[in-house]
Structure formats: C-alpha cells, structure tokens
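Student: Top to bottom, those sequences are chains L and H.
Take the first sequence: its position 157, counted from the start at 1, is 157 in my numbering, and no numbers get skipped.
Take the second sequence: its position 230, counted from the start at 1, is 230 in my numbering, and no numbers get skipped.
Keep in mind that the hints were calculated from the coordinates and are not lab data.
Be careful, since some hints might not be right.
Claimed, not checked - Below are the DSSO-like pairs computed for lysine-lysine, each with C-alpha atoms no more than 30 Å apart in a straight line:
(1) H:Lys136 <-> L:Lys120
(2) H:Lys128 <-> L:Lys120
(3) H:Lys35 <-> L:Lys120
(4) L:Lys119 <-> H:Lys35
(5) H:Lys46 <-> H:Lys35
As the list claims (entries may be wrong) - Partial list, computed: chain L residues near chain H (C-beta under 7 Å):
(6) Glu26
(7) Val130
(8) Tyr144
(9) Pro147
(10) Ala155
(11) Val158
(12) Leu223
No residue lacks a Cβ here, since even glycine has one placed at the ideal position from N, Cα and C.
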Amino acid sequence: MLQRIYDWIDDRVDVTPLWRDVADHEVPEHVNPGHHFSAFVYCFGGLTFFTVVIQILSGMFLTMYYVPDIVNAHASVEYLQSDVAFGMIVRGMHHWGASVVIVMVFLHTLRVFFTGSYKKPREINWVVGVLLFFIILGLGFTGYLLPWDMKAYFATQVGLEIAETVPVVGDLLSNLLAGGEFIGAQTLTRFFAIHVFFLPGALLGLIAIHFIMIRRQGISGPL
Amino acid sequence: MHRGKGMRFVTDSRIKEREHRMENIPKDYSEYPGKTEAFFPNYLLKEWVVGAVFLIGFLCLTVAHPAPLEREADPMDSSYIPLPDWFFLFLYQLLKYQFAAGDYVVIGTVVLPGLAFGALMLAPWLDKGPERNLSKRPIATSMMILAVMSVVYLTWESADQHDWEADAEQAAMGEEDILEVEEDIEGYEIYQAQGCISCHGDNMEGNPGVRGPDLYELPYDAEGVAEISVDGIGEMPPDMFDGSEEELQILSEYVADGGGVNEELEYLDEDEVDADDASDLGEEDDEDDAEEEAQ
Numbered sequence: 001m002l003q004r005i006y007d008w009i010d011d012r013v014d015v016t017p018l019w020r021d022v023a024d025h026e027v028p029e030h031v032n033p034g035h036h037f038s039a040f041v042y043c044f045g046g047l048t049f050f051t052v053v054i055q056i057l058s059g060m061f062l063t064m065y066y067v068p069d070i071v072n073a074h075a076s077v078e079y080l081q082s083d084v085a086f087g088m089i090v091r092g093m094h095h096w097g098a099s100v101v102i103v104m105v106f107l108h109t110l111r112v113f114f115t116g117s118y119k120k121p122r123e124i125n126w127v128v129g130v131l132l133f134f135i136i137l138g139l140g141f142t143g144y145l146l147p148w149d150m151k152a153y154f155a156t157q158v159g160l161e162i163a164e165t166v167p168v169v170g171d172l173l174s175n176l177l178a179g180g181e182f183i184g185a186q187t188l189t190r191f192f193a194i195h196v197f198f199l200p201g202a203l204l205g206l207i208a209i210h211f212i213m214i215r216r217q218g219i220s221g222p223l
Numbered sequence: 001m002h003r004g005k006g007m008r009f010v011t012d013s014r015i016k017e018r019e020h021r022m023e024n025i026p027k028d029y030s031e032y033p034g035k036t037e038a039f040f041p042n043y044l045l046k047e048w049v050v051g052a053v054f055l056i057g058f059l060c061l062t063v064a065h066p067a068p069l070e071r072e073a074d075p076m077d078s079s080y081i082p083l084p085d086w087f088f089l090f091l092y093q094l095l096k097y098q099f100a101a102g103d104y105v106v107i108g109t110v111v112l113p114g115l116a117f118g119a120l121m122l123a124p125w126l127d128k129g130p131e132r133n134l135s136k137r138p139i140a141t142s143m144m145i146l147a148v149m150s151v152v153y154l155t156w157e158s159a160d161q162h163d164w165e166a167d168a169e170q171a172a173m174g175e176e177d178i179l180e181v182e183e184d185i186e187g188y189e190i191y192q193a194q195g196c197i198s199c200h201g202d203n204m205e206g207n208p209g210v211r212g213p214d215l216y217e218l219p220y221d222a223e224g225v226a227e228i229s230v231d232g233i234g235e236m237p238p239d240m241f242d243g244s245e246e247e248l249q250i251l252s253e254y255v256a257d258g259g260g261v262n263e264e265l266e267y268l269d270e271d272e273v274d275a276d277d278a279s280d281l282g283e284e285d286d287e288d289d290a291e292e293e294a295q
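Next up, chain L with everything else stripped away, as it sits in the complex (with noise of 0.2 Å):
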C-alpha cells in the first residue's frame, strides 16, 4: 500500500532523484569516530545544524507567548518563565541553546581551518560559512534585548554606541537599528523582527547553498 502510494506520486513528480540526493551518500572512513575516535571533530557542523534545529523549534514555541512590546514584554517572559507548563525548559533551551550554537560554529570553524577544508574548490562554501556565523551573532546580539530586562536594555546601548563609532555611516546603523535616537518601543519592535524574521530567513537560505554545496563537493579527504 506505502509502495503504491509512493509510487503514485512518484510518477507524478519524480521524487526518488530528490530522496537520493539527501540520503543516497556513504560516509568515508576517515570522518566516522566509528572506525577512528578521532573523527569526533567531524561531528561540530551536525551538532551546530542540531542545535539550530532546537533554536527555532523552541523559539517557535516562545513566540507563542512572547509579546514584543516594552510594557508586556518582560511581563510575558517572567509569566512564560514561572507560570507557563514547560516554559522555564523552553526558554532554557533558546537561551543555552544561543550559546551552545556559538561554542558548536566556533569549533566547526576551527576544524575546517585546521584541516584546511576551505581550500580549493570550497572557498565558496567557507564563505557561506563565515556569513553564517555572522547570522548566528546577529540573532544572539538582537535576541538579548527581546526579555527587556536591565541587562537587555544596557547591553543592547553598549552594542548600539559602538555601532555609532563606525565612521561616516555610524549614527545611521544605529538609527536603523534602534528605530531612532533611543533605545524604546520601536528597538524592540525592530529587533524582534530582525530576530525572528530577517536572521532566521537569511540564514536558512544560506544553510541550504552550505549544505548543498557539501554534497557537490563532498566532505574533503584525509589529510
């Protein structure tokens, strides 16, 4: 029956090159810490992918909750926090999940350099990666202001004041950035935006030129 119904549409839309692609690959002796400890250095972009998963889901999540706005902002987190079922463990994982990210992209960068996995033909993919992890700052830079507590308010004028430094175009990062001269409703409002809809778009789209290119290319050999 399965059978039938995968055939079904599959003579329809020609799924099964598709399905390939993504799953139809072997796994080189040399990056499997089953044959060879060592590899586990391998594993830091899956467990970076992984833990981008758990970021949106629980992020999703929380946004079911959350309200971006500076009288009921920190209201609904502290409610989401203390009185929503599971929501300490929600916002628990967004919140170590940020960190857990960064320490994940940090040390897959790190193999990639060492192994020097970004040298011909990948350069491009490198690319892609180091703007990835751009986005990854982003979305931990503007997802610190989202609870509206002191450390939120404080941090997020530090980030916006150096943003002022940058000659010539500074105070007009900042302006864009915090929706005026100060730090209130429309900050908020833009960072939750950013956060929740720019970032998250942008680095999905860029997930998929680093994956797809993984495949083209495949996993560099062994040194």
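Given chain L's structure and the hints, the job is docking chain H onto it.
Tutor: Just chain H now, kept in the frame of chain L:
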C-alpha cells in the same frame, strides 16, 4: 543523464554531468580505500543515538540552570553596569584598552575586528597553497592560534574584571515595593537639589547599583538623619549635604518621615500584618522593622 524513472520534464534544467571536471575536485567517497559506510540508514542511526545523548545532557543543563531574568529595563538607571552576552565580551574588553578607546575607538570597533574577521572570510585566498596539513602551513596555523588565544584571553580578562557581586545585586528582581513619596513639598525639593536622588532613588527606594539603601522606615529620628547627611555613614561619604541649617532641618524631618509614607505603613501594619505575614515572605523584613518600631 537519466535518474529515477527517467522522466523528462518540459523544461529540464537539471545540470548535466560535465565532461571536463575541475582538476581539484575530490574523488567520490566510494573511491577512498577504507571502511566507508552508507549514510542512510546505518550512519544516521548512530548519529541519532549521539544526538539523543547530547539532547539529554542539554536538557539537564536547562533544568539545572534556569534562564536568568533581571528586573524590567529602567532606562533612567544610569548606574547600571552593563555586561554583553559572553560571546561579545572579547570585543567589549578590547574597547577598554587605551589604544582602542577614546580618540582611537575606531581601532577597537572597526579596524581590529574588521581585520580579524576580514582575514577569516578571505582565508582561502590568503592561504592559497595546496598543503592542507596544519604543520605544513605554519603562517595560517600560527595566525589562527594567535587569534583564538587573544579571544580567549580578552574574554577571560573581561569576566575577571567584572564586579559579579554588584552585578547580582543590581540584577535582582526588585523584591521591595517602590512607594510613592510626597513630592510637592519643600522637603522633596531639597532632597532633589542635594543630589540624594542619585543614591537613594527618586522615591527613596534606594539604588542597588551603588548600594544606596532605601530610606523608608529608617531607625533614626530627624536629628540622626541630619547628622548622617553631614557626617556620612558606612559607604556614604561625609559632607553630602551642602546647604543652610534651615534646609537641613526640613530635609531631615522629611527623610525621617520616609517622605510621608511611614505613617501610612504603620497604619497598615496594625490591621494587616498578621494576614500578610504568611502570604508574602518578601515583605517580612519590612514588617518586622515596622513592628519593632511600633513597640
């Protein structure tokens, strides 16, 4: 190239296999000698097991350490010592050094990070040689080790220099209530003009950032308050008051009176202290003080 069932689409844009491949494109995995393993399902299943263990560890962390939440943002509290998220600490610390602060702040905010991250992004073109082994490309390796060591050092220094005790104090979710003091009388004007506000708050609620205590329910009478505002006490330096005797008199009476909120508290105290005692642990201290004073 026919894949799957070999269907042909009206506009088949799928890339055909090229005759001349780029020289350096690696061989297919299957061409490596050794024990290759199918990704699906063999390897994926093992990955799932590792992923599950990772997830359990991660969940334990979230249960053991709930995500912190400080009191609601108060933009007027200029005494708050800011602290960025830990992964920005190295940048934050960099700006504390003289060569990257003040007039040279552009070096700290744009030049050095720009060079470091620019070099990171352009690594494939800065390190073009064919060698991949890290011992055979000493410049790239040493630059990266240097960069990692600097980031670790700066982060460490930043955490080391931060006053974590003050941080915990200023972060606390305001347990005590802020009471509305009377503001339309002379006492408050002097309170404001003498700068008491900066440490004791504009409603006498205190300022944890500079360890200024609240001034409700002080154990001093007007004379005692006057003495303290001239001589100082504890961390409060002497000679904070700078005005006429008459002003001092008005101010100290006003402060000893808790800005007009104390009487009200005592009144509440008689009726409700028993009922409140059990329900609200946070206010217990205040009420105890009030009781002592009533006796």
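Student: Now look at each hint and say whether the structure bears it out.
Tutor: Here's how the hints hold up against the structure:
no.: 1; hint: H:Lys136 <-> L:Lys120; result: holds, 17 Å
no.: 2; hint: H:Lys128 <-> L:Lys120; result: holds, 8 Å
no.: 3; hint: H:Lys35 <-> L:Lys120; result: holds, 26 Å
no.: 4; hint: L:Lys119 <-> H:Lys35; result: holds, 25 Å
no.: 5; hint: H:Lys46 <-> H:Lys35; result: holds, 16 Å
no.: 6; hint: Glu26; result: holds, 4 Å
no.: 7; hint: Val130; result: holds, 4 Å
no.: 8; hint: Tyr144; result: holds, 5 Å
no.: 9; hint: Pro147; result: holds, 6 Å
no.: 10; hint: Ala155; result: holds, 5 Å
no.: 11; hint: Val158; result: holds, 5 Å
no.: 12; hint: Leu223; result: holds, 5 Å
In this structure, none of the earlier numbered hints is contradicted; all agree with it.
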